[in-house]
Amino acid sequence: MAEVIWGLATSHVPSIGAAMDNRKTGDEYWKPLFDGYAPAREWMAEHTPDVAIVVYNDHANAVDLDLVPTFGIGTAESYQVADEGWGRRPVPVVRGAPELSEHLVRELVDEGFDLATFHRLDVDHGLTVPLSVYCPEPGEAWPCRVIPLLVNVIQYPQPTAARCFALGQALGRAIRSFPGAEKVAVFGTGGMSHQLAGARAGLINSEFDRMYLTAIETEPAKLAALGREEYIRLAGTEGIELIMWLVMRGALSENIRRVHETYHVPASNTAAGLALFEELGA
Amino acid sequence: MGQARDDYVLDLTASRRGYALNRMCLSLKDAANRERFNADEAAYCDAYGLSPEQKKAVLERDWTAMLDLGASIFYTYKLAMMDRKSMQYLGGVFTGMTAEEFAAALRSGGRKFG
Chain A
107 MAEVIWGLAT SHVPSIGAAM DNRKTGDEYW KPLFDGYAPA REWMAEHTPD
157 VAIVVYNDHA NAVDLDLVPT FGIGTAESYQ VADEGWGRRP VPVVRGAPEL
207 SEHLVRELVD EGFDLATFHR LDVDHGLTVP LSVYCPEPGE AWPCRVIPLL
257 VNVIQYPQPT AARCFALGQA LGRAIRSFPG AEKVAVFGTG GMSHQLAGAR
307 AGLINSEFDR MYLTAIETEP AKLAALGREE YIRLAGTEGI ELIMWLVMRG
357 ALSENIRRVH ETYHVPASNT AAGLALFEEL GA
Chain B
91 MGQARDDYVL DLTASRRGYA LNRMCLSLKD AANRERFNAD EAAYCDAYGL
141 SPEQKKAVLE RDWTAMLDLG ASIFYTYKLA MMDRKSMQYL GGVFTGMTAE
191 EFAAALRSGG RKFG
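One line per chain: the protein sequences are A and B, in this order.
Following this note's numbering, the numbering of the first sequence begins with 107 at its first residue and continues without gaps.
Following this note's numbering, the numbering of the second sequence begins with 91 at its first residue and continues without gaps.
So that you can see chain A by itself, here it is in the shape it has in the complex (with noise of 0.2 Å):
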């Protein structure tokens, strides 16, 4: 049976993914994000899952507004990387899972949750970036496959948190009833304070975000309990993103360590945080 191996939490900002493409990692400003992350990807590489499933959301790149699905997720072999205006990034193509990813759609239908299927999919920072914290110099290809996991944050009324963590859950143990030995990595991706137009622009909720980091390991139940209002008020009106740590923590079972945490203000207009969880065994 498939299992569980790890779960990371981390921001998706693409100045991020730009910093790692145009090689400013040791500059002042970003010097401090990077080291954050040493630790964290130092474990990672050693434990090197065979398929990453990443939670995010799409920025306007494969998903418009003529049709948001709430939840969907890619079934194809492979995806390519999106341009988002300014040309590619300069990263490998990703590889599916096609196979995980048809039990996956079935088991969570069954469950309840009517996914939306993506058979071609244009993979854009909010999965990249990810990828990239994870493993920043894939070379020729990243060193496992992939599923993208896709959560319509942009367009209100998004999911609620607490049906995010149900997802998660769902997730989880659709994961472990998959009949290979596959290891498999969760990734929750974007959020942390994070504003970027109106009169509150450049919010930062340091409080908010660091109770965030702190209760995703031993409270997800109460993350999972705030209205959208409530993660737009504390968060910003993109802070709401952090609904998808939850799905991320949910595939996870309670017997978790966290193995490292970093949070980091500014990454461009945002916070930029990090937690990275070992499963114990579920």
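No wet-lab data here; the hints were simulated from the structure.
Note that the structure is predicted; figures quoted are calculated from it, not measured.
Hints may be right or wrong, so weigh each one.
[What the hints assert, rightly or not] Mimicking EDC-like on lysine to aspartate or glutamate, the simulated pairs with C-alpha atoms at most 20 Å apart in a straight line are:
#1 B:Lys175 to A:Asp189
#2 B:Lys175 to A:Asp127
#3 A:Lys137 to A:Glu148
#4 B:Lys202 to A:Glu335
Since chain A is already given, all that's left is putting chain B on it; use the hints.
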């Protein structure tokens, strides 16, 4: 809920209002479209059915007016990138600061509310 707040939430009303504008901005993800836009911005706006107000906001790069007319920041950011304007520049526009002042506010821990 957008009414009671000082920021912008892309609910279905805003999505309907901003449909043509967001669709036009989305099209800029394709390099050929970016060339067409650069060649004749006004004609490009017309081809996507922007309202006169939306077209004016785009041509004048009135970023706040675009939001008021239903734009999503993730969409208009593609337009900003064509002008080589950063998200921090936009943050400054929305808050009455220069890009440098806005970046400095973030570097000192960000802006606080309530």
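query: Does the structure keep Lys175 of chain B and Asp127 of chain A at a Cα separation of 20 Å or less?
result: With Cα atoms ~19 Å apart, Lys175 of chain B and Asp127 of chain A stay inside 20 Å; holds.
- request: Take the C-alpha atoms of Lys175 of chain B and Asp189 of chain A, compute the straight-line distance between them, and say whether it is at most 20 Å.
  value: holds, 17 Å
- request: Please work out if Lys202 of chain B and Glu335 of chain A have their alpha carbons no farther apart than 20 Å.
  value: Roughly 18 Å separates the two Cα atoms, so the pair holds.
message: Check the hint pairing Lys137 of chain A with Glu148 of chain A against an upper bound of 20 Å on the C-alpha distance.
response: holds, 17 Å
Consistency note: the structure conflicts with none of the earlier hints.
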